[in-house]
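Let chain A serve as the given structure and place chain B on it in line with the hints.
Okay, here's what each chain looks like letter by letter:
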Amino acid sequence: MDVCFYFQLHQPRRVRRYQVFDIGSGSSYFDDVRNADTLRRVATRCYLPATRMLTELARNEGARVAMSVSGVLLEQLASTSPETIESLQVLVASGGAELLSETSHHSLASRQNMDEFAVQVTLHRAMMRRTFGVTPRVFRNTELIVSDALTPLVASLGFDAMLVEGADAVLGWQSPNYVYASTTAPLMRLLPRNYRLSDDVAFRFGARDWSEWPLTADKYAAWIAANNGDVVNVFMDFETFGEHQDAGSGILDFLRALPGALRKNGVTMVTPSELAKRKPAGLLSFPNATSWADTERDVSAWLGNGLQYAAHARLYGLRDAVLASGNSELVSTWRQLSTSDHFYYMSTKWHADGDVHTYFSPYANPYDAYISFMNVLRDVEQRLGTAPRQLKTADRRPQTADRSRAATAKPKTADRRPQTAPRANGKRGNREAKTAGRSKKAKVRKK
Amino acid sequence: MRVLMFGWEYPPYAAGGLATATISLAAGLARLGHPVTLVVPFPAAADGGGVRVVSASDVSPNLRTLRVASRLTPYTSPVSAATAAATAVPAARAPWARRAEPSAYRETLFEDVDDYATAARQIAALHAHDIIHAHDWMAYAAGKAARDVSGAPLVAHIHATEHDRSGEGRNAEILRRERDGLRDADRVIANSHLTKRHVVGEYGVDERLVDVVHWGIERPVIGDVRLPSPFGRTAPIVAFVGRVVMQKGPDYFIEAAAKVAAVHPTVCFVVAGTGDMLPRLFDRCIELGIAHRVYFTGGLSHPDIDRLYRMATVVVMPSVSEPFGLVALESLRAGTPVIVSKASGVTEAVANLITVDFWDVNDIADKMLAVITDPALARELRARARDELGDSHLGPDEPARLTAASFAAALAGHQTMAVT
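Note that the protein sequences, when read in sequence, are chains A and B.
At position 317 of the first sequence (counting the first as 1) the number is 317 in the working numbering, and the numbers step up by one without a gap.
At position 339 of the second sequence (counting the first as 1) the number is 339 in the working numbering, and the numbers step up by one without a gap.
Isolated chain A, as found in the complex (with noise of 0.2 Å):
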């Protein structure tokens, strides 16, 4: 039996509480230091300690596993925690991580805008090389977003294999544990999550109240022995190891442990790029967009209800007008506002899983994360100059009386902006200049 290890390490840059008064006074959009802070703590907490570790285990006992890191969280880390791509460098050179690709920005481009798709794929790639001068030859989308029409693009891109959700109404009678080939691109090969076994160590490990606890490497390693079929995936967060399961809970001990044990108990580590090499058991088909969230595992944890797609549509709406601009700091800007996190704080799902979407979020409720995107984007639009009416102008038809009433209450509202941030009609070259120094500054969050 093998197992395929996969993690992955991402951090939205947080739009902070963004006021319809913010709108014109070019100030950031992004929580920078909500940002900073959960990069740090995340980077200290998970990242540093777990990626050393897992060097070491790839130095000492041959461990190999698979990670993919966003650009969103790449960039971020460059100026908050340049220490741990360091770290990250040395682990991929050792040999212990393959790095898969993904879109640049841990978007949901490939359910709005394929063209986007590709180009954040590409971006990634780029950055992939750059970074660690390697170029992933598997492919893993976000969240494991995959649907019948996305595999033959995504094979057209180059890549070799995907790693997908082993969801039981994609699977049905079939095991998880097999390679398989999709059935809309019979040359790309498909690795279905095992998520029970994944989510044992992701979502159980730290519970006290599960029957199984405490998880100890050897009881792990040996339900794995016990399985039918060819490859265990294990697939989760990165920020599994320390964040969302904190040291306290051994966590760490027991990713230590965890190599000896599978090797004690037969089952070999291998990397998504071994599996696709392999022969398909069979043909995997994604009628209906399927992802590893919630219990649904569709979409509908970022586009399930009304204001997600509203704000999505808004958001590409904008794309021809924002490469147009060439103004790259703008598409960068815009960029960072297609992560997946944004709208997964708009959810509306109150019950079972909504307890894990309020928990990760930055925001009291969905209503606050909705309406401080929406200002953002109108912000976006008056920069483009394409807002389809100034909300900010004064009463067109105003009682006389009130005319110098309005007008002296108006300061008022701006209370909380530079006097000498140009309003909505400004100069939009001014503002520019002023946003264009924001972008240096790294932002994050875990989500």
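Think of the hints as simulated: they come from the structure by calculation, not from any bench.
Here the structure is a predicted model, which means the values were calculated and not measured.
Errors might be hidden in some of the hints.
[As the list claims (entries may be wrong)] Pairs of lysine to aspartate or glutamate residues, derived as DMTMM-like cross-links and limited to a Cα-Cα distance of at most 20 Å, are as follows:
#1 A/K219 - A/D209
#2 A/K349 - B/D387
#3 A/K349 - B/E348
#4 A/K279 - A/D2
#5 B/K342 - B/E255
#6 A/K219 - A/E274
#7 A/K349 - B/D391
#8 A/K264 - A/D218
#9 B/K342 - B/D360
#10 A/K349 - B/E388
Chain B in isolation, oriented as in the chain A frame:
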């Protein structure tokens, strides 16, 4: 269980959530098969004492109402006299507004409370009952008097504490009566966990004796029941519904309204309710230059409030302190999204609300604008809240069911004590 309830009558012009809630709870208990004798202070003080039985057979054969002449109304306070007269003159009136009478007020508030207790003693002797249920501090003395007569357990229901009603200006005598009434009761029902925390924390009531019963509401009506804005199709209404007192944060509403009016050319604001802060609000609206955009209706009858909900695009409750916030449920039921203070008990029961810090005027204004300018947001809030109101935990009989369970616990505890 035969229930003797000391509560508040459904008023012709709504003073707030308490009277509405009391009558619906009494009706709910009656529907569950518990005969209820509801004793309510009768506002016509000139009637001069005595008890009148009012036919309530249209509600349920199990419910009858006794009206006791008294000047008590749910929200009278001994310090509001000076402003009571001033509150009767709204600056502007919405076209559908009807005038409400200023609330009855007497300087002898505590005497009135004691008179109510004396009447309660007589009533308790005449009407057989197994449990006594008293709503808020003015009825606690009556409940206790009834218990002295019958020995039945007393359940004190708390809808708002004096801290909620009066903030820093709270009245020491009311505080004392409220605390004693709650500590003396066999069991306490709080209308939210927020209120329970106050009762346990401030008054030292044993938390094991405090049950939380959120309000429920009738199911939303199916189909489009929205009404057009009387100010025109392009003039959305942002409404404030509630007593115009410090506790409800109407001043924050006005400050936020000014910010919204500065950037939105047509929006109108309606303040429905009366209270001692009205004169100050009129002045402030003039100062801010938004007097022509803000309509003060005074107190409205319940059907008129319901019409207002249906006309409004959003209802805003920036309460400094809101033990529950029944207005939020009423508004959602009418299909109108609600922006509510985080310091509101209703946020424990309903998820699909927009929440704000009451003091964060920019945030309130931002969210008002978002709802009135973004149909997708309003639609989502409306649809989700409608789904949520269909859930059983907000059903109209749920409060009665939980209250009956609390009664049973009180009876059980009472019997245990009697044995020991």
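Against the structure, the hints come out as follows:
{"no.": "1", "hint": "A/K219 - A/D209", "in the structure": "holds, 17 Å"}
{"no.": "2", "hint": "A/K349 - B/D387", "in the structure": "holds, 12 Å"}
{"no.": "3", "hint": "A/K349 - B/E348", "in the structure": "holds, 16 Å"}
{"no.": "4", "hint": "A/K279 - A/D2", "in the structure": "holds, 15 Å"}
{"no.": "5", "hint": "B/K342 - B/E255", "in the structure": "holds, 18 Å"}
{"no.": "6", "hint": "A/K219 - A/E274", "in the structure": "violated, 26 Å"}
{"no.": "7", "hint": "A/K349 - B/D391", "in the structure": "holds, 14 Å"}
{"no.": "8", "hint": "A/K264 - A/D218", "in the structure": "holds, 8 Å"}
{"no.": "9", "hint": "B/K342 - B/D360", "in the structure": "holds, 11 Å"}
{"no.": "10", "hint": "A/K349 - B/E388", "in the structure": "holds, 11 Å"}
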